[in-house]
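*Asks:* Guided by the hints, dock chain B onto chain A, whose structure is given.
The chain contents come next:
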Amino acid sequence: MGKIKKDQLLGKLDLLVLRILACGDSMHGYAIAERIEQLSENVLQVGEGSLYPALHRMDESGWIRSEWAASDNNRRARYYRITAAGRRQLEEEESDWLLAADAIARVLRLA
Amino acid sequence: MALLRRFLNVLRPARLERELNEELEFHREMRLRHSQDRGLSAAEAEAEVRRRMGNLLVAKEEMRDERVVRWLASSLEDLRHGVVLLRRDPGVSSLIVLVLALGIGGNAAVFTLLKAAFLDPLPYRDAGRLVTVIENNGWIPTVSEFLEIRARTRTLERMAFAEHRDMQLSGTGEPARVFAARVTASFFPLLGVNAAQGRTFLEGENQQGRAPVVVLSDGFWRSRMGSDPAVIGHTLRLDGQLAVVVGVLPPGFHFDYPTLGIPEPVDLYVPYPIESSLPFERAANGQGVPVRVIGRLREGVSLAQAESDLWDTAVVLARENTSPFPGHPHDPAMFAFNVMMLRDAIVGSQRSLLWLLLGGVGVLLLIACANTAQLLLARSLRRAREIAIRSALGAGRLRLIRQFLLEGLVLACCGGAAGLLVARWIARILLNLLPVRSPLLASAHVDARAVGFTLAISMISAVVFAIVPAVKGSRWTPGPSLSAHFTAGEGNRWRHAMIAIEAALSMFLLCGAGLVAQNLWKLISAPLGFNPEHVLAMRLQLPFGKVEQPDPRAGVALQQYVDKIEAIPGVEAAATVTGPPLRPARGGGPVQLIGVADPGTMAWSHQISPDYFRTLGIPLLAGRAFRLGDAGPKLTVGIVNEEFAHHFGLGPNVVGKQIADPEGPINIVGLVGTVRTRRLETKPFPECYYSSLQMSWPNVYLVVRSPLPPGQLLKQVKAAIASVNPDQAVFGVQTMNELVANSVVEPRFDVYLIGVFALLAVAMAAAGMYSVISFLVSQRTSEIAIRMALGASRAAIVKTVLVTTSLWVVAGLAGGLGLGLAASKAIRSITNTEAAGSPAMYATVVLLFLAVTLLAAYLPARRATRLDPATALRCE
Chain A
1 MGKIKKDQLL GKLDLLVLRI LACGDSMHGY AIAERIEQLS ENVLQVGEGS LYPALHRMDE
61 SGWIRSEWAA SDNNRRARYY RITAAGRRQL EEEESDWLLA ADAIARVLRL A
Chain B
1 MALLRRFLNV LRPARLEREL NEELEFHREM RLRHSQDRGL SAAEAEAEVR RRMGNLLVAK
61 EEMRDERVVR WLASSLEDLR HGVVLLRRDP GVSSLIVLVL ALGIGGNAAV FTLLKAAFLD
121 PLPYRDAGRL VTVIENNGWI PTVSEFLEIR ARTRTLERMA FAEHRDMQLS GTGEPARVFA
181 ARVTASFFPL LGVNAAQGRT FLEGENQQGR APVVVLSDGF WRSRMGSDPA VIGHTLRLDG
241 QLAVVVGVLP PGFHFDYPTL GIPEPVDLYV PYPIESSLPF ERAANGQGVP VRVIGRLREG
301 VSLAQAESDL WDTAVVLARE NTSPFPGHPH DPAMFAFNVM MLRDAIVGSQ RSLLWLLLGG
361 VGVLLLIACA NTAQLLLARS LRRAREIAIR SALGAGRLRL IRQFLLEGLV LACCGGAAGL
421 LVARWIARIL LNLLPVRSPL LASAHVDARA VGFTLAISMI SAVVFAIVPA VKGSRWTPGP
481 SLSAHFTAGE GNRWRHAMIA IEAALSMFLL CGAGLVAQNL WKLISAPLGF NPEHVLAMRL
541 QLPFGKVEQP DPRAGVALQQ YVDKIEAIPG VEAAATVTGP PLRPARGGGP VQLIGVADPG
601 TMAWSHQISP DYFRTLGIPL LAGRAFRLGD AGPKLTVGIV NEEFAHHFGL GPNVVGKQIA
661 DPEGPINIVG LVGTVRTRRL ETKPFPECYY SSLQMSWPNV YLVVRSPLPP GQLLKQVKAA
721 IASVNPDQAV FGVQTMNELV ANSVVEPRFD VYLIGVFALL AVAMAAAGMY SVISFLVSQR
781 TSEIAIRMAL GASRAAIVKT VLVTTSLWVV AGLAGGLGLG LAASKAIRSI TNTEAAGSPA
841 MYATVVLLFL AVTLLAAYLP ARRATRLDPA TALRCE
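Which chain is which? The protein sequence lines are A and B, in order. Residues in the first sequence are numbered consecutively from 1, following the working numbering. Residues in the second sequence are numbered consecutively from 1, following the working numbering.
The shape of chain A in the complex, shown without the other chains (with noise of 0.2 Å):
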């Protein structure tokens, strides 16, 4: 099984970050990659060089917000949540992916 390289995931890594925070728990930054390679059976593979910077960008525009909490093995650790900014703008992305992964899908198809 290939893995897909992270280049081509950054596109919809928010789109992704933002969907798995929408779960409702709030998460550090390990827990999201992890939870992305796990859900997606170890196909999408997260770098931490674009995950974080991704995860400061949405904070400061205002989709997620972060806080310092203990973490289950005491340390301390920066723990993300989706805002109500955040959820809309998942709601777009997803749409809007869904439309485009579905002509995308009829073209090959089709063609």
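Honestly, the hints are just simulated from the structure, not real lab data. Each hint should be verified, as a subset may be incorrect.
Some chain A residues near chain B, calculated using beta-carbon distances under 7 Å [what the hints assert, rightly or not]:
(1) G29
(2) E48
(3) Y52
(4) H56
(5) R57
(6) D72
(7) R78
Heads up, simulated DMTMM-like pairs for lysine to aspartate or glutamate below, C-alpha to C-alpha not over 20 Å straight-line [unchecked claim]:
(8) A/K12 <-> A/D102
(9) A/K12 <-> B/E62
(10) B/K718 <-> B/D868
(11) B/K115 <-> B/D344
(12) A/K12 <-> A/E67
(13) B/K718 <-> B/D563
(14) B/K60 <-> A/D14
(15) B/K60 <-> A/E60
(16) B/K799 <-> B/D868
(17) B/K657 <-> B/E681
(18) B/K825 <-> B/E681
(19) B/K564 <-> B/D727
(20) A/K12 <-> B/E66
(21) B/K60 <-> A/D59
(22) A/K12 <-> A/E92
(23) B/K60 <-> A/E48
(24) B/K799 <-> B/E783
(25) B/K715 <-> B/E738
(26) B/K115 <-> B/D126
(27) A/K12 <-> A/E37
(28) B/K60 <-> A/E92
Where chain A lies over chain B, by a calculated footprint (3+ residues, C-beta under 8 Å) [to be verified]:
(29) 16 to 24
(30) 37 to 44
(31) 63 to 76
Note that CB positions come from ideal geometry on N, CA and C, so glycine has one too.
*Replies:* Okay, now just chain B, sitting in the frame of chain A:
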């Protein structure tokens, strides 16, 4: 909120760094644990994680960028860099800061003065609605005019007046003169002042015949009463009458503006005794007591409305008062009053001074900026290599320009901060130099607005002086900039443009100085009409009678003093006069000659003792002077000046004509030369002299002509007066020469002031030219050396060095001259003078400028011609 956090993050980069590290470190540890959980050894896990995560420096940079205000963060970086660079060159940097501190400090100081004059509230209640009522010829109303206005006004809600005079304080040791104001009871409530102890005056105390009361100023209470806490109820003997102290004013209160005709701080206040049935007296007729009238406009009333209200009053007064000339009813304009905002009246003639100051310091700051720009330009080009390297590493042009501007800003802020510190002192020094006491300007202080202004001009000057070096310095061309042989030929046109601007600005100031100086020269060279040498003038006031009524007995009493003084050996002549030249007493009115068709003219009048013309050296042109025999209870004789005769179309034959007077005709017995009575700059005015033995005020000037030294003379004069009346105080002693000099102190001060500014400007421009020419010469050393080696003459070398520069300087000079000519009208109007610049004055100014320029060019040019070609070329 997020923005605020990003701002804060700029200011605490260490904390941000720590957080980012912590977050990434947590991630690393989680990965490590995950690897170890899969059964890898510690070392293997470590290696795997390092492979997996790689180098996160770039990611961290991106995260940091997200978390800060990016432009601010990079600006701070540039700023830090700028400070380092400035400290590397401390000599030039501190020179720049010093020059800027003086330039900005000067502007800040003048701003505080302007602010005190035009912006800061006056220290009175509701001062924005306070006005003063004046006659349209600039004189002030009399008590009876005040009463008429107060009775009829519909636009002033409250009115008061003050009248200032010297009083004799006796009973406490030596008789002393105090300066007193006689005021209405409404005076203090109108200004919103309550007594610090006791009370101010009651309404009824303005009636005549009430027991005298007095309110002390804080200064008088402290210095003369020893801050006696139980002073209320004490009595003082004022002008021979016992007055009860009823109050002491608060320390901050003062109403003593020389521009309002109040020459010195007031010691004490007494109620003005207003006669119940006062005949209507016009100030212009020399009857009635002139008083300083103040009032408060009703809410929402404009100055124009108040003036038209007063015009209605004037129309009524003209109708109600019969004219002395039958068949010629009064013109209401004779009774017209103007209303002026109290603040404008207080600023008065100092307005012109303030604008001159502002112009001067403004131009100086601009020249300082131009010089700073020169220095920075030279430095920015010296930094070409650094710039080239930074550009090669990816710094954009705008980023580079911003860096230069920020460095300028650092300099300007240092200069501004230092300037703010010196602004106070500069303002103090200017105030001490001021020829006229100015309580309004003395209240100038540095406050938030002054700080804001200083900050603003610092910013503006930073942009002004840093923009050219920034734009020129940030440009680079890869090859030459990086080569070691780079010579700074860049920016010469800008250098020249800047010295042209400096030349224009300093030339502009020189033109202004020339104009003001020419005006002063015109004033002091105008014939006075009298001889001020060896004349001592002093004031005295007879300690008897009602001071506001003319009375021939006063003249007789004064003549006794004069006789004693004339008996002193060495005294050539002595006389009394109601007001000597340049210190005229008020007095005058419409005059008509019997048997002459002219309807009459306004003429000044003076009451003089017989030897007055001899004492002042005023030429008698026809007829005779007064004699001791010209005495009696009513006016019978008069002497007129040349302007008077001229007005009626008469020459010496004016002698023998008669002046119409309700009490009988007055014979004109003499004609004298015209004297500059009012001020040096005012036109001659028709004037009449009357014999003080027929009519005299009890407060007069005494003039004594004697070659004796003034101190010795004064002692003998005082002794002579004391032999007649030991209680007679003499004050206000001045030589006539001092009096003449005093009358031009303000124009003279203007000349010194703008002259100093102009010289500073020329010196700074010369320094700028010197540095530019030196720079150009050093730039072309090798070229000059080669040409000399090839046999070029010294003249040719000088021409090479100077020709471009002199073209620019001449262009600047022409520009400055044009500016000066264009501004001459403005300067004339703000200094309130007539003088137009003469071609000779402009020629002088241009020559002076050229001389200084030549001096600035001579040294570097000489250096160029003395160059030893061999040495110069070897150095290359």
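*Asks:* Going through the numbered hints above, which ones does this structure break? Give me the numbers in ascending order.
*Replies:* Result: hints 6, 10, 12, 17, 28 and 30 break, sorted rising.
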